[in-house]
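Undergrad: From first to last, the protein sequence lines are chains A and B.
The first sequence begins at 992 in our numbering and counts up one residue at a time.
The second sequence begins at -19 in our numbering and counts up one residue at a time.
One should not assume that every hint holds.
Covered stretches of chain B (in silico footprint by chain A; criterion: 3 or more residues with CB under 8 angstroms from a CB of chain A, positions within the stretch not fixed) [what the hints assert, rightly or not]:
no.	region
1	-9 to 1
2	706 to 713
3	734 to 740
Anything over 12 angstroms on all C-beta distances counts as not near chain B; from chain A, calculated [what the hints assert, rightly or not]:
no.	residue
4	H1003
5	E1045
6	E1058
7	R1068
8	I1171
9	K1205
10	K1270
Derived from the structure by calculation, the hints contain no laboratory data.
All values derive from a computational prediction rather than experimental measurement.
Built from N, CA and C at the ideal position, the CB exists for glycine as well.
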Amino acid sequence: MSTAVLRQHAEHQFAEELDAIKKVDNRQRPANWHLSPWAVVTYLMGGRLDNGFEVSAKYIGNARLMEIAVATLATDRALLLFGVPGTAKSWVSEHLAAAISGDSTLLVQGTAGTSEEQIRYGWNYAQLLANGPSEKALVASPLMQAMRLGKIARIEELTRIPADVQDSLITVLSEKTLPIPELGSEVQATRGFSVIATANNRDKGVNELSSALKRRFNTVILPVPSSEAEEISIVVKRVAELGRALELPAEPPALKEVARIVRIFRELRNGQTEDGKAKLKSPSATLSTAEVISVINNGMALAGHFGDGVLRPADMASGMLGAVVKDPVQDQVVWNEYLETVVKERSEWKDLYRAFREHA
Amino acid sequence: MSDGVSIYGIRHHGPGCARSLLKALQAAPPECVLIEGPAGCEVLLAHVNDAQLQPPVALLSHAVEDPQRAVFHPFAVFSPEWQAMQWAVRAGVPVRFMDVPPSVTLAWQRQAKAASEDSAPSAPTTEEGDDVAAPEIGDDAARVATPDASDDVPHDPLDWLARAAGYEDGESWWNHMVEERGDGEGLFEAIAQAMTELRENAQLKTRLDAGQEAIREAHMRSVLRETRQQGYQRIAVICGAWHVPAIAAKTTAAADQRLLKGLEKLKAQTTWVPWTYRHLSMRSGYGAGIASPGWYDHLWHNGGADIRAVAWFARIAHLLREHELDCSSAHLIEASRLADTLAALRQRPAPGLDELNEATRSVICNGDDAPMRLIAERLMLGDALGSVPSSVPTVPLQRDLEAQQKRLRLKPEALSRKLDLDLRNGTDLQRSHLLHRLNLLGIGWGGQTVSGRSARGTFHEVWDLAWEPHYEVELIVASRYGHTLELAATACAVERAGKADRLPELAALIDRVLLAHLSGAVQAVAAQLEARAATDADPLALLGALPALANVYRYGNVRKTDVAQVAHLFDGMLLRAGLGLPLALADLDGEAAEAARTVVLGADRAVELRQGEAQTQAWQRALRVVALAEGGTPLLRGLGTRLLLDAGVFSTDEAAQQISLNLSAGAEPLQSAQWLDGFLNRNAAVLLHGDVVWPLIDAWICGLQDEHFMRVVPLVRRSFAQFEAADRRDLSLRVKQPAGQRAAAASVTWDAARANRALPMLRELLGIADGR
């Protein structure tokens, strides 16, 4: 595999692990699956195999969620991964497809402009004009490919796709067939075919799924990290990686600073203080882990290029404000209330309070 | 033991155990049944087959001298002990309880209380939870010493077995191995073996009450010994699985007698009380609680693993449809498939509650939590309430009420009578507390006819008393909240606070618990109120709750209530409301603005009652922003200006500037009139008696050009029409006086001697004694 590629597909990057798991995996496999359901869960959650091989964790969190996801696909139901942005939905979907079908590339990216052709099939117009409708003139979508090959098709950001286009999935998911009226034929799904869709909790309002379509998916909600420690470790790891990749001149931030920022995000997101003693209002922003990482990166860039290279509260204030206050009226009230009732009261947070106050 | 004694180790409230036990009893009927229950309470077994004794019920034992001390032994329909009792009573087989009598456990409870008294007085609500003699689950999880989470030694001995089997905790392991299984052959031998192994080899937390444990087991052994001496051959012993090895152990009678000698005892009385599944669950703090009584109920009624899952899903569908949530048969089919696959993936023969829940969430609820909460509340927990026949002896709550009625000389009489309480008098104050507490419990013996404050000052309450027979029944129902009125009313108020979903409701509740003098409940309700205040986005709702709090704060002293906490609450809510107020008061139309005016006026009075400098300043800051906001609602801006002028925050000049700004020619006439309406505040006094506002309005009216004047007149007239007729007459008189004359009139000197001459006659007319 060429190393010049910026980012490799999961099945290439973790080919060694997949091979190792396959060697020890002697459990029953559903038709056309490369691994057994048990092995897929092991691949996702990591662990030590019987032969001593160490599998890295792809998903950090509750194993039961991955079990539900794998069991769903094993019952040839479609899987809908729901969650706020930055909760590793696409990441999980890619690895599931890589582990089950050995192929994570059968992907339809959902956008407001996604058309029916991208989901079902299109035509090669030169062929179409020359020879009329024929198998040859047909351009199969990734979904159709997956049906033919018995693999997993992935649909990203399902709720961004216009509702009428979404509905073309219903026949595929319930009858497992894709009719081609122009040719008077159809493509019937081979065993092993299924669909993993991801969607954003916050995008509900864009194109909410019709109940007919919703009924054909099993939904798994990927939560934000459950504990402060878990979230801090994710943030520290990602910040270090990104800082290296972007060649930021600043020192990686002290754990203390990361912990404070994570706590602010968690408290506002959860609507209560970490000690569980006081309730808070939550702003309209999503406040995902990914945003914590970006606030800290932003602060590191500021500190490196314009400051003394050490991340200080003032460097993060503007990024923080931007992340929290998405609605200039309501969120500002929430933020002010948080500053006055929580940040101000914590004696060891005086510097933070001052920095935020100056910026507000 | 070989000689005809079968020991059945069970988990209390385990449906699988109950089923296997029943089968075992039918297969080999014993001549006598020994059950791990409070010794000496066998008389109450007479009620077991009474149709009116419907589980869940509990055996409640309380100390005669001190009804606060009580222990419960709850039974559900799926409890093995309950099934064994019913079987025995039906079959005419004698039943004996073999645990130590309640008199001993009550004494232990008193010792434990005395020991912990000085360290940390426990909240009254948890009182019923720490029932020392609660029949422990097979594993006794609730009774380990001090729970410290960091430790690697599990709290629950079953956790050892669960870990070995690859389960997360003992609870799910036991569920899976015992309760959710069919009728396990040789189940009880296996349990006995496992427990023997655990007790001998597993590393366990040291128990605080290891001594008591030994005494209880000695007692069980000696009851068994006695029973055999009475000549019974085939004896069935039903006890928590944990005790099986101890009962089977070979110990001499003398050794056991030594342990049992000289135990301290409290005089105790026992009766049946109705129970609920909620109180049976761990959430209620009951030591031997189970996580999901509703699920166990389902397990008991639906034996076969094949239809169990489907029947559960069908109940979910029924529940969801009842609440108008979609759930089709196709959902159920897919959910069952997913549950089965999950069970297979986890290598379990049939889906358990975990798998069913996950399938429900994923397929039926689309990942949504709200319907899951409904399912947890209504199905997993369940809302069953037991009942007891009226022939059972009285409960301690009734005793407590009787004692208080006697002490306070308040006889329950069916005939309605009036009672005027002077709260400055100690007895009357306690009477008031008693009546308020009963009202909180929904027992309306006394109805407060006249709110004391308005009629005869803050220290009087007038009550209408009428006792109705059904209050007795309601007392029994309420007894599940606690054994004394204070405890019961506290628990009831706390529960109600958890359910209340509107701020004013909570504020009213806090008023009621303060009136009833329930300091424990005040804490809980205040915490609820605080939490709700923090998340309630509507500042007007916050302001709406302030008057009730201010009343409590201001008049609380008469009732000797703790007002500091209320003040803290008040301040917090005022701060939050103040921050959001300007936003909330912007752009309100007619009716909403009127409603907001009432709320703001109420809050203003409340802040005045609070009499705190910081609070007044915060409130005035918020009002100032409201008054000066551009594009705000004119009515409320006018009101804000007026309130600030009255409070002396706005100087005359500032107010004058506001008046002319808002009433100037450039302003929309309708808005000007609304502003003026708010400013005048339906109150002519400021125009009549103050020398500040009058000239300002006067100058404005006089300065109007003809055309503008004609446009404004009807609107201003509307504001003035709301004044009293007498005020309007006085206003017109004042208008007729030339400017400046009024000031002169005020300084006229008068002849004291002439005025004095009229005084005696005035005294006579008014009936005031001469010389005073």
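Undergrad: Evaluate each hint against the coordinates.
TA: Hints, verified against the model:
1. -9 to 1: Coverage by chain A is violated for the region -9 to 1 of chain B (0 residues, Cβ < 8 angstroms).
2. 706 to 713: violated (count 0)
3. 734 to 740: violated (count 0)
4. H1003: Correct as stated: the minimum Cβ-Cβ distance to chain B is 27 angstroms, above 12 angstroms.
5. E1045: holds, 20 angstroms
6. E1058: Given that some Cβ of chain B is not farther than 12 angstroms from that of A:E1058, nearest at about 6 angstroms, it is violated.
7. R1068: A:R1068 not clear of chain B: closest Cβ-Cβ about 6 angstroms, inside 12 angstroms.
8. I1171: Non-interface label stands for A:I1171: nearest chain B Cβ at 27 angstroms, farther than 12 angstroms.
9. K1205: violated, 6 angstroms
10. K1270: About 4 angstroms separates A:K1270 from the closest Cβ of chain B, which leaves it inside 12 angstroms; violated.
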